[in-house]
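Q: Residues per chain, in single letters:
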Amino acid sequence: MQFFAEVLVGGLLAGIMYSMVAIGFVLIYKASGVFNFAQGSMVLFAALTFVSIVEKGVGFWSSLAIALAAMLVLAVLVERFVLRALVNRPPITLFMATLGLSYVIQGVAEMLWGSQVHGLDLGIDDVPVYVAGISISRFDLFAAGTATVLVAVLALVFDRTRLGIALRAVADDPLAALGVGIHLERIWAAVWAAAGAVGLVAGLLWGARLGVQFSLSLVVLKALPVLIIGGFSSITGTIVGGLLVGASEKLAEVYVGSHFGGGIENWFPYVFALAFLLVRPTGLFGEQAVERV
Amino acid sequence: MFYREAGVYGPSYAFDLRILRLREDRVALGALLVLAFAVVPFVGTDYWFSAVLVPFLVLALAGIGLNLLTGYAGQLSIGSAAFMAVGAFASYNLTLRIPGLPLLASFALGGVFAALTGVVFGLPSLRIKGFYLCVSTLAAQFFVEWTFTKFSWFSNDNASGVITAPPLVILGHDFGTPSGRYVLTLSIVAVLTLIAKNLVRSRVGRSFMAIRDMDTAAAVIGIPIFRTKLLAFATSSFYCGVAGALWAFAYLGTVEPHGFDLNRSFQILFIIIIGGMGSIAGAFLGAAFIVLLPLLMDNVATAFFAGVIDPGNLENVQKIVFGGLIIFFLIKEPDGLVRLFLIARQKVRLWPLSN
Numbered sequence: 000m001q002f003f004a005e006v007l008v009g010g011l012l013a014g015i016m017y018s019m020v021a022i023g024f025v026l027i028y029k030a031s032g033v034f035n036f037a038q039g040s041m042v043l044f045a046a047l048t049f050v051s052i053v054e055k056g057v058g059f060w061s062s063l064a065i066a067l068a069a070m071l072v073l074a075v076l077v078e079r080f081v082l083r084a085l086v087n088r089p090p091i092t093l094f095m096a097t098l099g100l101s102y103v104i105q106g107v108a109e110m111l112w113g114s115q116v117h118g119l120d121l122g123i124d125d126v127p128v129y130v131a132g133i134s135i136s137r138f139d140l141f142a143a144g145t146a147t148v149l150v151a152v153l154a155l156v157f158d159r160t161r162l163g164i165a166l167r168a169v170a171d172d173p174l175a176a177l178g179v180g181i182h183l184e185r186i187w188a189a190v191w192a193a194a195g196a197v198g199l200v201a202g203l204l205w206g207a208r209l210g211v212q213f214s215l216s217l218v219v220l221k222a223l224p225v226l227i228i229g230g231f232s233s234i235t236g237t238i239v240g241g242l243l244v245g246a247s248e249k250l251a252e253v254y255v256g257s258h259f260g261g262g263i264e265n266w267f268p269y270v271f272a273l274a275f276l277l278v279r280p281t282g283l284f285g286e287q288a289v290e291r292v
Numbered sequence: 000m001f002y003r004e005a006g007v008y009g010p011s012y013a014f015d016l017r018i019l020r021l022r023e024d025r026v027a028l029g030a031l032l033v034l035a036f037a038v039v040p041f042v043g044t045d046y047w048f049s050a051v052l053v054p055f056l057v058l059a060l061a062g063i064g065l066n067l068l069t070g071y072a073g074q075l076s077i078g079s080a081a082f083m084a085v086g087a088f089a090s091y092n093l094t095l096r097i098p099g100l101p102l103l104a105s106f107a108l109g110g111v112f113a114a115l116t117g118v119v120f121g122l123p124s125l126r127i128k129g130f131y132l133c134v135s136t137l138a139a140q141f142f143v144e145w146t147f148t149k150f151s152w153f154s155n156d157n158a159s160g161v162i163t164a165p166p167l168v169i170l171g172h173d174f175g176t177p178s179g180r181y182v183l184t185l186s187i188v189a190v191l192t193l194i195a196k197n198l199v200r201s202r203v204g205r206s207f208m209a210i211r212d213m214d215t216a217a218a219v220i221g222i223p224i225f226r227t228k229l230l231a232f233a234t235s236s237f238y239c240g241v242a243g244a245l246w247a248f249a250y251l252g253t254v255e256p257h258g259f260d261l262n263r264s265f266q267i268l269f270i271i272i273i274g275g276m277g278s279i280a281g282a283f284l285g286a287a288f289i290v291l292l293p294l295l296m297d298n299v300a301t302a303f304f305a306g307v308i309d310p311g312n313l314e315n316v317q318k319i320v321f322g323g324l325i326i327f328f329l330i331k332e333p334d335g336l337v338r339l340f341l342i343a344r345q346k347v348r349l350w351p352l353s354n
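So the sequences go chain by chain: P and R. The opening position of the first sequence corresponds to residue 0 in numbering that gives the first Met the number 0, with each subsequent residue numbered one higher. The opening position of the second sequence corresponds to residue 0 in numbering that gives the first Met the number 0, with each subsequent residue numbered one higher.
None of these hints come from the bench; they were simulated from the model. From a predicted model like this one, the values you see are computed outputs, not experimental measurements. Keep in mind that the hints are not guaranteed to be accurate.
Residues from chain R that face chain P, not an exhaustive set, calculated with beta carbons under 10 Å [what the hints assert, rightly or not]:
#1 N92
#2 A138
#3 F142
#4 S201
#5 F328
No residue lacks a Cβ here, since even glycine has one placed at the ideal position from N, Cα and C.
Sequences and hints are given; from them, build the entire structure.
A: This is the structure in structure tokens:
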């Protein structure tokens, strides 16, 4: 029973890490309807930039500011050269454009900063903490705390600021938003920058866990089932989806995977998400699509 | 000048049903086929056969397969490499375990197994649409890779999951030489291309396109959505499966499951984006582009930038150029290279007049 609880809690906390990547997706999907496959590359780019600047001897906070600025520049460039040129195209075209974009970002990131593995130390000792007799990784707890803060900040921004209200307006109805004088271009740049910032946070947490390297851009694939389960347009959904995916994947790996030689967590989340979709085709919190002929 | 269309009428249904209605087009295609079948095998070098022509043909075949599903039936798939892997491993096991099975039959059966896998992973396509569906194909991708890595039975208990090609002998004739592999691949690809071209012009192809354009409307006019979608998955996976078997046996000779990873799926997706979605000829143009571009960039880099770009960075430069080209094509020429080809053909038709 205690073992079960440990696996479960470990899985839930790992799921939070997936949610962090998925939140970046949701931000962009909500505001511009783009399914941004390049989010993983943005995570990689942000983390690589941060680590490389830290390695040059710059302090933690200034490096963070520089990495954030880099993500802002990236967002403006993406809006100017990709999104603006593809406005009014079908969603599938935009998706494929972000596929291309992810190659470009990866290439640029590795060309600028090299492709070797960088270690990243956030100064948190990964020693187990005991809560009610269950050992919990302290790093995972820290990650979960960060995610909570991140979601709270995002909720505040969406709810209380002028920018947030504009974002919601664009998400609701781009044409009406244009009509009341909201600059779509600026909103897109802002939302890509916000996704970049979320990517930076996710990149730092994942980077501290796995080392900052190319495989960081692959966590994006694990964020997909999270999005599917949570629905593409809900931040709450990503958190719930992340928890479900993390917990089910770890439990399946431990209790089912051990009979097949392990490694089923590579594909289990997708099958889980599929099974979920068969019951609820738009995810837990997604909007029901209405089709008219 | 080149085209003389005056006096070309459609006197019969047979004429109207032709793939190429203009004599000039038929002559051009015939010349191309004669060149590919009768001239190239004798003048090509081994390097061209094994490093350029065979991968080009195989990738074009996989591109046709994905195009049937994504370009014609509108179902986004990022798991084509999984179906290629099923085709390769199935035909390997069939030749291994059924003695005396002809090579071509094993390729075809490999395709059938891939088609069955495609149907299984296509089942969710009735309930889920668009981006959600790409999770189903991603599940196929990771599940297939995992299965072939974990269960060594599929690779005849090879420790690292590597499979080796059987001797490429058909009716006592050995196709194992580089030019033989090329001829074998070319023949299979030519036949399957003809079938695919006719499929998309038929009632089945039209119902694929109706579903792509709007599946609710297609259902209203009486197209059986579920059956047609599954048929699209099956035919597409069959093509990918045969392409996978050719990739393993005619191109590489030995292959491991990781040879069919997600990057291969993306490569095939890029082929149809660059070549042109919903076009058979586009798959060939896209495959040519994707095979030739890295070779061209290698040569340019060594010829002009030797010492400026170090080899490690060349790969990154390739990534950037590739990604940039994808975006460029989507912005400037969403119909792909095949559209450029058609524009050029139109110019030749009217030459020396201008339109």
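Q: Please check whether F328 of chain R passes as an interface residue: C-beta within 10 Å of a C-beta belonging to chain P.
A: 8 Å, holds
Q: Quick check on the hint: F142 of chain R CB to chain P CB, less than 10 Å?
A: With a minimum Cβ separation of about 4 Å from chain P (threshold 10 Å), the hint on F142 of chain R holds.
Q: If you take the shortest Cβ to Cβ gap from N92 of chain R to chain P, is it below 10 Å?
A: Interface hint status for N92 of chain R: violated (19 Å vs cutoff 10 Å).
Q: Return the status of the interface hint for A138 of chain R: holds when the least beta-carbon distance to chain P is below 10 Å, violated otherwise.
A: Holds, about 3 Å.
Q: Given S201 of chain R as an interface hint, is its Cβ closer than 10 Å to any Cβ of chain P?
A: Nearest chain P Cβ about 25 Å off; hint violated.
The structure is inconsistent with the numbered hints 1, 4, although it conforms to all the rest.
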